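Student: One line per chain: the protein sequences are X and B, in this order. The first sequence lines up with residues 1 to 547 when you count with our numbering. The second sequence lines up with residues 1 to 165 when you count with our numbering.
Don't read these hints as lab results, they were simulated from the structure. Bear in mind that the values here come from a model prediction, so they are computed numbers and not experimental data. Even for Gly, the Cβ is constructed at its ideal location relative to N, Cα and C. There may be inaccurate statements among the hints.
[As the list claims (entries may be wrong)] Simulated restraints on C-beta separations:
(1) 184/X to 25/B: 32 to 40 Å
(2) 47/B to 275/X: 21 to 29 Å
(3) 16/B to 39/X: 25 to 33 Å
(4) 101/X to 146/B: 27 to 35 Å
(5) 82/X to 6/B: 58 to 66 Å
(6) 72/B to 307/X: 35 to 43 Å
(7) 52/X to 43/B: 36 to 44 Å
[Unchecked claim] Covered by chain B, according to a simulated footprint, are these stretches of chain X (three or more residues, beta-carbon under 8 Å):
(8) 196 to 203
(9) 293 to 302
The residues making up each chain are set out below.
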Amino acid sequence: MTFEELEQIATDARAAKETFPRALNVCVAAGCLSLHSDAIKSALEKEVRRRGANCRVAGTGCMGLCSLGPLVTREPDGHLLKNVAESDAPEIVAKLNSAMPERLLYSRDQPFFQRQTAIVLENSGRIDPEKIEEYIAAYGYQALLHALTDLTPAQIVQEVSKSGLRGRGGAGYPTGLKWGTVAKTIGTTKYVICNADEGDPGAFMDRSVLESDPHRVLEGMIVAGYAVGANLGYIYVRAEYPLAIKRLQVAIRDARRLGFLGSQICNTKFSFDIEIRIGGGAFVCGEETALIASIEGRRGTPRPRPPFPAQSGLWEMPTLINNVESFANIPTILRRGGEWYASLGTNKSKGTKVFALCGKVRNVGLIEVPMGTPLRQIIFDIGGGVPEGHRFKAVQTGGPSGGCIPEQFLDLPVDYESLKEVGSIMGSGGMIVMDDSACMVNVARYFMEFCMSESCGKCIPCRAGTAQMFELLTRMTNGTAKLNDLDLLEELCDMVSSTSLCGLGQSAPNPVLSTLRYFREEYMEHIVRKHCRAGVCECNKLAEVSA
Amino acid sequence: MLTNSKMPPLPSNDKRWRIVTGTMRRHGFARDALIETLHTVQEYFGYLDKPSLRFVAASLHVPLSQAYGVATFYHYFTLKPPGKHTCLVCLGTACYITGAGQLLAAAEASLNVKAGETTPDGNVSLVSARCIGSCSMAPALIFDGETAGNVSETVLRNKLQGWNN
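Whenever a hint applies, use it, and build me the whole structure from the sequences.
Tutor: Here you go:
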């Protein structure tokens, strides 16, 4: 594959698109698909055939605004149609060249679309994820070709370092530094692993990226392989994401067909291949050493670090592990330059971040904003705020390892440091909005139950500590707690976070600590007055009986 | 690469074992193919029983204890046959704060089983999941592999009753 050949494929793909003056793109990512968008797609295709309309009907990835699905966009004017039903197909096709009915039309002239900056999601909802040609037409695989023909591995690492990209899995370790470490280790066999074990409840960014633009992740991985000197990559993806697995399989097959994977990629000496490994539904496998154990076919239990996987990882070889979103940023960084990427975001957190915005918010869906965007803008402008009749209470980021951020910090810019300062973490990007119907003690108990059952059991602080904390929180919610239980809980938080083996245990107390910090009065109400102001917990019943 | 002569005998004449063997062959009968192979067994048989664990362990030359350890460690694997129908309640954060807990309680009451169990007549399995990633449609459930969003207790009860008739 040469630049000319790549350009030819892109030109052909664009020409094939342009033979149709109109196009209807139907979202076939998991959200809309579960609302039967595939049936809508076939209905539209049937209708186009019946009328002999000069229109292309295509399936594309996620369009972001999942709560208004199934979504359809009309090209070339980009009109977005919401809540489309199968029965709307005749009308949509009949009015291809005129205005769409009001009830379907959703204006793009809204903060939800205007306040976003798309890098990772730039192709999402615009291209057919199962057609490599469409990805190439959207400048896909140019970064790979550029990397292989114009750059040395060291230059690539330098470019990634310059971009300031930090690990999007949550911890925020500088990606360039990690690549540099693996590149420098001596050894002939190295591996690249893509962590797609998106276990945080309330997070669906990685799944959406894999379903909507899988080639972007593959391209990032191949570039990484070249930069660090690896010849084999693994994508570790959750078994719960069958559609993402299917699209990845198609993407890998197509990439092999065009010679982006395999031996002597693009007529260079570099060879690289990618295999998919399917997870088994264990949250702890998101931890890198546990994930490696799982790829090796064992129970997914973490081991102490160092040695870090960069020195000794898969089969004790130097291994580069990055998150899906980190890899998805790479093609754009190489195409547009590290400096350009670093111009987005804040001082210490560069670029953009994809968030899965959900919970009690009007516009539920997938968004991408520059780092440093205030929470208020994300929740109230892009998200449209809390639905009528309720008040915003807190926003939860970082899943079971994160915390709840109350109203007074809504003007906080979203970056790794600020979130940490207020007791939460960036995490992988789940952002769950809670209103006054949520009880913070109950939320803390929910996350503790999660950590307790997901603890792998290898180290005692996590195995026993989470169980004890869960027991204490349960007592608070059912009204049997005493005041000194609160001291005990805080003591346990400290013990578990400072002595656990891996990130799961170390961060398990975070939801408790952050709710204790900002909603301590709710804990006191539960313990002293046996009262839950949200009316969620059992202790209310107890208070009624005694009254 | 190991040849078939070192393979243990197939547990039965069921043709699905050939698919299982195919997965192992694709991975060169390497020990690290254990999880991949168990996925295949579960995909085609619905669950992992003792003969299948013995067969896979012997074929890949891993101790039976390791195969059992893996099978019980990962939530996705089940050692019990599933019911005719499966109702999966998502307990992800978005679903939880929109009332998935109440839905699960309603399903448990309606079926008279706990999450993770199957009704005594083998008709319905009730399962809970950590997060199915359909947070935009919270609370979400999966009825027999089909995701349903914004589910109310009434919809859930009707669906379960429909399966019982």
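Student: Hints first: check each against the structure and report whether it holds.
Tutor: Do the hints match the structure? See the list:
1. Checked against the given bound of 32 to 40 Å, the beta carbons of residue 184/X and residue 25/B, roughly 38 Å apart, stay inside it.
2. Taking 21 to 29 Å as the suggested C-beta distance range, the pair residue 47/B and residue 275/X conforms, at roughly 26 Å.
3. At roughly 31 Å, the beta carbons of residue 16/B and residue 39/X sit within the given window of 25 to 33 Å.
4. With their beta carbons about 29 Å apart, residue 101/X and residue 146/B fall inside the hinted range of 27 to 35 Å.
5. Checked against the hint of 58 to 66 Å, the C-beta distance between residue 82/X and residue 6/B comes to roughly 59 Å, which is consistent with it.
6. Checked against the hint of 35 to 43 Å, the pair residue 72/B and residue 307/X fails, with Cβ atoms roughly 29 Å apart.
7. Take residue 52/X and residue 43/B: their Cβ atoms lie about 43 Å apart, and the range 36 to 44 Å holds.
8. With 6 residues having a beta carbon nearer than 8 Å to a beta carbon of chain B, the region 196 to 203 of chain X meets the requirement of three or more and the stated coverage holds.
9. Counting residues of the region 293 to 302 of chain X whose CB lies closer than 8 Å to any CB of chain B gives 7, which reaches the minimum of 3, so the coverage claim holds.
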